[in-house]
Amino acid sequence: EVQLLESGGGLVQPGGSLRLSCVASGFTFSSYAMNWVRQAAGKGLEWVSSIGGAGYSTHYGDSVKGRFTISRDNQKNMLYLQMDSLRAEDTAVYYCAKGGIVEPTGLDYWGQGTLVAVSS
Amino acid sequence: DIQMTQSPSSLSASVGDRVTITCQASQDITNYLNWYQQKPGKAPKLLIYDASNLDRGVPTRFSGSGSGTDFTFTISSLQPEDVATYYCQQHHNLPLTFGGGTKVEIK
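Sequences listed follow chains A and B, in order.
The working numbering numbers the first residue of the first sequence as 1 and each following residue consecutively.
The working numbering numbers the first residue of the second sequence as 121 and each following residue consecutively.
Please note that the accuracy of each hint is not assured.
Stated by the list, open to error - EDC-like, lysine to aspartate or glutamate: derived pairs with alpha carbons at most 16 Å apart:
#	chain 1	residue 1	chain 2	residue 2
1	B	159	B	225
2	B	162	B	148
3	B	159	B	202
4	B	162	A	84
5	B	165	A	84
6	B	165	B	202
7	B	165	A	108
8	A	65	B	121
9	A	43	A	73
10	A	76	A	46
11	B	165	B	201
12	B	162	B	202
Worth flagging that the hints you see were computed from the coordinates, not collected in a lab.
Input sequences plus hints: build the corresponding full structure.
The following block contains the structure:
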């Protein structure tokens with residue numbers, strides 16, 4: 001059974017940093033692209049970033065480019081999102097989502113999400 | 121970026137009704153279109169991939185159709201457990217983009 005479990009969310013001041021983690025199980029982690037998708041309260045879904053299975057190809061949405069960094073550790077089945085220079089508009093639930101073998105791809109499994117709140 | 125226009129934004133229907141949601145892409149995405157269901161307080165769940173393929177374990181009352189720029193999602197007989205927000209999403213190009221969502225309620 002595929003499982004994705006995010007952690008690392010919390011309250012942070014504007015301009016601060018936070019690192020989200022996602023531990024994966026139930027599939028061959030290194031074979032699949034992984035994604036971060038966020039959702040502000042009462043709003044729709046916004047794709048944030050993706051990374052290829054080997055970790056060499058990364059992509060970002062315009063709203064986070066230059067501030068967020070996606071990475072993965074295939075030995076530990078871990079996905080990360082380093083978030084720097086955080087803004088109030090980054091406040092959202094952040095979901096880790098499994099992609100396919102080739103990018104771009106749909107998202108077939110999602111974690112339960114972790115809440116990031118940016119406020120002074 | 122490919123824009124996804126979903127309609128309606130909300131609907132209210134009776135149990136047993138047929139419900140239809142449409143999604144229009146700003147350019148040809150062939151069949152690279154998925155549909156997700158999100159219940160309140162929960163993560164999205166994949167229902168249909170590549171426009172018309174039902175994901176494993178998804179009830180057959182859910183279906184999808186379309187290609188190119190115009191897509192349709194249908195619930196053939198609405199059930200109380202189908203109360204949720206439904207999103208379309210294209211995976212033809214990065215950035216992945218989602219429709220604005222359709223909130224489905226029971227009348």
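Evaluation of the provided hints:
Taking the CA atoms of residue 159 of chain B and residue 225 of chain B, the gap is about 11 Å. The hint holds against a cut of 16 Å. Between residue 162 of chain B and residue 148 of chain B, the direct Cα distance comes to roughly 31 Å. Violation of the 16 Å bound is thereby established for this hinted pair. About 8 Å separates the Cα atoms of residue 159 of chain B and residue 202 of chain B, which keeps this hinted pair within 16 Å; it holds. Restraint check for residue 162 of chain B and residue 84 of chain A: not satisfied, since their Cα atoms lie roughly 27 Å apart, outside the 16 Å limit.
A C-alpha spacing of about 29 Å is found between residue 165 of chain B and residue 84 of chain A, which places the hinted pair above 16 Å, so the restraint is violated. The suggested pairing of residue 165 of chain B with residue 202 of chain B holds, with an alpha-carbon distance near 12 Å, which does not exceed 16 Å. Proximity of residue 165 of chain B to residue 108 of chain A is assessed by CA-CA distance (about 7 Å); at most 16 Å being required, the pair is judged to hold. Of the supplied pair hints, the one linking residue 65 of chain A and residue 121 of chain B holds, its CA atoms being roughly 15 Å apart against a limit of 16 Å.
At most 16 Å may separate the alpha-carbon atoms for a hinted pair to count; residue 43 of chain A and residue 73 of chain A exceed this at roughly 31 Å. A threshold of 16 Å between alpha carbons decides the hint, and for residue 76 of chain A with residue 46 of chain A the separation of about 27 Å lies outside it, so the pair is violated. Taking the CA atoms of residue 165 of chain B and residue 201 of chain B, the gap is near 14 Å; set against the 16 Å cutoff, the hint holds. Restraint check for residue 162 of chain B and residue 202 of chain B: satisfied, since their Cα atoms lie roughly 13 Å apart, inside the 16 Å limit.
In this structure, the hints that do not hold are numbers 2, 4, 5, 9 and 10, in rising order.
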